[in-house]
Amino acid sequence: MQNRGEEELYKKLHILADAAKYDVACTSSGVSRRGQKGFLGNSCASGICHSFASDGRCISLLKVLQTNHCIYDCKYCLNRTSNDVERTSFTPEELCSLTIEFYKRNYIEGLFLSSGVDRSPAYTMEQMCRSLRLLRSRYHFRGYIHVKAVPGAPEELLTEAGYLADRMSINLELPTAEGMKRLAPNKNHTAILRPMGMVARTIAAHRLALGKDERMERSRGNLYLENSIFSSEQQKKVSVQTPALLQESGTKELYLPADLKKSTEGRSFAAAGQSTQMIIGATDETDYHLLKTTQYLYQKYDLKRVFFSAYVPLNEDTQLPQPGTPVPLLREHRLYQADWLLRYYGFQADELLSADQPNFHEQLDPKCDWALRHLGQFPVEVNQASYDMLLRIPGIGPKSAMRIVYARKNGRVDFDHLKRMGVLLKRAHYFITCQGRMLYPVKLEEKSIFRQMTDLNRKDNWQISRQQSFYQLSLFDDFGVR
Amino acid sequence: MTVFTCRDNWEDILTCIYEAWASGKGHRNIRLELEPVSQQELFCEYIHIDAEEQKAMKVCSAIRKKISWQAYQWVYYAAHSARPEKTECIYRFLILGFHFGKKITEMLTENTVMRIMELSRRVTNEEHIMREAARFTCHERGIYVCHIEPEHDILLMLAEYFEDRMPSETWMITDDGRRTAVIHPKDQRMYQTVLTEKEWEQLQETERIKDIYTTLWNEFFHTIGIRERENRKCQNTMMPLHYRKHMTEFM
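So the sequence lines, in the order shown, correspond to chains V and X. Heads up: the first sequence begins at 1 in our numbering, then just goes up one per residue. Heads up: the second sequence begins at 1001 in our numbering, then just goes up one per residue.
These are computed hints drawn from the structure, not numbers from a lab.
Stretches of chain X that chain V covers, calculated by requiring three or more beta carbons in the stretch to come under 8 Å of a beta carbon on chain V:
1. 1135-1144
2. 1231-1243
Cβ-Cβ distance ranges computed for the label pairs, FRET-style:
3. V:Leu210 to X:Glu1035: 46 to 54 Å
4. X:Lys1245 to V:Ser219: 29 to 37 Å
5. X:Arg1121 to V:Asn188: 43 to 51 Å
6. X:Arg1121 to V:Gly411: 19 to 27 Å
7. X:Trp1010 to V:Leu314: 54 to 62 Å
8. X:Lys1186 to V:Ser219: 37 to 45 Å
9. X:Ala1082 to V:Glu445: 43 to 51 Å
10. V:Ser231 to X:Ala1082: 37 to 45 Å
Note that the Cβ used here is the ideal one computed from N, Cα and C, for glycine as well.
When you get a sec, could you build the whole thing from the sequences and use the hints?
Below is the structure:
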């Protein structure tokens, strides 16, 4: 470090990255944009992860806060106003030079900008917009930008942020209004859902204006699935079964600036869509409730992604799990698995869980669990099954299912082909036949398959749930001495 | 048996395929091999083929017109694989391809088709990982230098990606294993060269350049992981050790 300015930047980066690390959603996917002479950067729809941190999560964007000053007192948050932590903020110039220089060295795919609420939502959003405006106009940045919208900020600022960024997100934080009231006294669902609805409608309006379908692109396989949550049949049902807790007040506004061409310079509004995140394990919702909410958000607000963040106990509070409580990592993992099943495999939340079975199986992933509960539909003949049935077989994914559908037009598929196409036979072989035969003689019986499958997964699951390898035994908690 | 041999190069391989096809000896009586040929067989005639641009172009356009764009892509990627059997595989694939037309890329039950799919998949996967794991260091006068050491010959594909990404910067990417480099002057077309011994030695030092941003990046990288969720095994799965050799944060 040569001078004081650099030292200060170093310190700021440490504080503001440290404060931002609990935010999930570090993805750079959803939008394709070619580079341009005189500008820096492009964007790739598949997303690019540049590195993986010590916790195994990907680093795709420079994930920092604009500031960690905060007037709110959300109980679960490290930056709440009642915590005594070192506070600082980036100037827009510092943020821009960090992004640009990191980008040129190929460390990152773009910027993920979030913020604590400094002074007021309006002031905070104004600061964030200034940074983004500078980055796009003076620094000619064409890479990916993900910006958090601060609920309660004025519409003009949210509009501008939408035109500058590729993806916008507003954190739902907690799936129930009651949990929200308890843990985040300064926030409420109405204030969060209103901008979310407006962003969704504005994105749809822009897509229509560009001649695209009003709904976001989904994985191609969804085109062939009748019952996926994105099919038009299912979309119609949504308005009927709105969870009462997530009712949005009936507004129909859009974010459209007065002079569209001039203020946006031809950029479209949040081209990579909108996302949100929920905290898992701080309150006592069931997985069923979380998954229903997720499905609802996909259908109603056409969100591109819903993220889950396992609650890491940081603050001591009577309302929250004690510091030192294990992080519910396996639960988070199961929710993501189920999320994929909704978006890529044509499952519905109600098929995976129900009021009688409100939580995911600890030892089995949701897809295997579903298959075991519906053994009557198996074994499936790979050479004849429909695409959506192929997708429901554990061990077969969208890519291999598509390969099977193509390949069997020209010849019979056998187990060796399946293996080379990328099918995971160690899971799939219980559920399929090729040309009338199973790979090994398997008794189609729930208990025996369950025993064999859990033995396969046991090691993985044990590791996910017990990552804290050292654990201090406590007389009071562990042995019930009071 | 007649064996057609050629150097490991896109144009050489295509010309070799052209000559083998045009020889009229019958597909069963010929084989294609990559040089250097490790052990010559008795009762085989070895014919060396040199690249000829026109013939190579003919093969290219024939694949695109008579088979499909996807088949062309598969052949292109497979030809850049590090596997020595690739020329023979491509030849066998094309025989089927010209017979069946564009549906050939769906015929995965055919062994030759599956082989090409697997070869091209390996190459594209490595290219994607390199897009993620390539790291530039900033040399004096704002020249950005990147070192990679890929298994397959993906330098040019990778450079095309970066040409789109950073059109108005001066940068170069060197393939340390093959000692080739792509150089991209600011706002101009890039070009590929073979590095001399002296150039290569000089470039070795560029990887160790440290400035404020490498320090900041290391700091960011170590701060962003959550201690309560530490999971080195997951990190190792996602970022295999052999790609870390040239990555700033793991040096």
